[in-house]
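Engineer: Turn these sequences into a full structure, and let the hints steer you where they fit.
2 protein chains.
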Amino acid sequence: MEKTKTAVRIAGHEYTIVSTDAPEHIQRVAAYVDRRMSDLAIASRMAPNVVSVLTAMNLADDLLKAQDENVRLRQQLLMNTQRAG
Amino acid sequence: MEKTKTAVRIAGHEYTIVSTDAPEHIQRVAAYVDRRMSDLAIASRMAPNVVSVLTAMNLADDLLKAQDENVRLRQQLLMNTQRAG
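Here the protein sequences line up with chains A and B, keeping their order.
Counting in this note's numbering, the first sequence tops out at residue 1013, every number present.
Counting in this note's numbering, the second sequence tops out at residue 1013, every number present.
Hint data in this document are derived by calculation from the structure and do not stem from the laboratory.
Owing to the predicted nature of the structure, the values given are computational and were not obtained by experimental measurement.
Do not take every clue at face value.
Heads up, the list lumps identical chains together, so a pair's fine if it works in one copy or across two of them.
[Stated by the list, open to error] Keeping only pairs whose Cα atoms sit at most 20 Å apart, straight-line, the calculated EDC-like set for lysine to aspartate or glutamate is: (1) 931 / 962; (2) 933 / 949; (3) 931 / 996; (4) 933 / 952; (5) 933 / 990; (6) 933 / 997; (7) 931 / 990; (8) 993 / 949; (9) 993 / 952; (10) 933 / 962; (11) 931 / 949; (12) 931 / 942; (13) 931 / 952.
Structural biologist: Structure, rendered in structure tokens:
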């Protein structure tokens, strides 16, 4: 799959993302990170680098919980299929 | 729920996380972020702050995809329930 370069703006800085994902998806992800960083920055008055690291912590927390939930849902689907078959 | 303080180490720096989550969960999340940052830092030789922001981008990308997958699985479960009922 071909890689494209997408310029995004996060916390006032521009970054170039090289990815096989569609530029629209990259912009959606960047806007999401920008909002999460800005929410944390407003609430905490921490240094920008600390905000970046703690935003990564918050996102990883949500990600691990979403992955756990995914496993739970897949198990439930599998159980339902076995019950029906 | 009571909040506890947990000291974690990410990319060589110590952070204090205040959370209602169990300290074991906080350490799991911190170890995950540390590994993702270190993988990116080794692969790219970027400045630490850029590594933090791009790690947040990668985590948000995975999170949004996991959330989309969650919605898909829930819809499938609902469809199966309606079919069975």
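Engineer: Taking the hints in turn, state whether each one holds.
Structural biologist: Status of the hints after comparison with the structure:
In this homomeric assembly, residue 931 and residue 962 never come within 20 Å of each other (Cα to Cα): the closest approach is 23 Å inside a single copy and 27 Å across copies. Taking identical chains as interchangeable, the C-alpha atoms of residue 933 and residue 949 lie at most 20 Å apart only when both belong to the same chain, with a minimum of 10 Å there against 38 Å between chains. With identical chains, the CA atoms of residue 931 and residue 996 are never at most 20 Å apart, being 30 Å at best within one copy and 23 Å at best between copies. Taking the shortest alpha-carbon separations for residue 933 and residue 952, only the intra-copy value of 12 Å comes in at or below 20 Å, while the best inter-copy value is 39 Å.
Proximity of residue 933 to residue 990 under the C-alpha cut-off of 20 Å is restricted to the inter-copy arrangement: shortest distance 19 Å between copies versus 27 Å within a copy. For the homomeric pair residue 933 and residue 997, neither the shortest alpha-carbon distance inside one copy (33 Å) nor that between copies (26 Å) is at most 20 Å. For a Cα distance limit of 20 Å, the shortest separation of residue 931 from residue 990 across copies, 18 Å, qualifies, whereas the shortest one inside one copy, 28 Å, does not. When the C-alpha separation of residue 993 and residue 949 is checked against a cutoff of 20 Å, the pair qualifies only between copies, where the shortest distance is 12 Å, while the shortest distance within a copy is 24 Å.
Within a single copy, residue 993 and residue 952 get their C-alpha atoms only as close as 26 Å, which misses the 20 Å cut-off; across copies the closest is 14 Å, which meets it. Taking the shortest Cα distances, residue 933 and residue 962 sit within 20 Å of each other inside one copy (19 Å), while across copies they are farther apart (26 Å). Within a single copy, residue 931 and residue 949 get their C-alpha atoms as close as 8 Å, which meets the 20 Å cut-off; across copies the closest is 39 Å, which misses it. In this assembly of identical chains, the alpha carbons of residue 931 and residue 942 lie at most 20 Å apart only when taken from the same copy (19 Å versus 36 Å across copies).
For the identical chains of this complex, residue 931 and residue 952 are intra-copy neighbours only, at 14 Å inside a copy versus 38 Å across copies, given an alpha-carbon limit of 20 Å.
Violated hints, in rising order: 1, 3, 6; the structure is consistent with all others.
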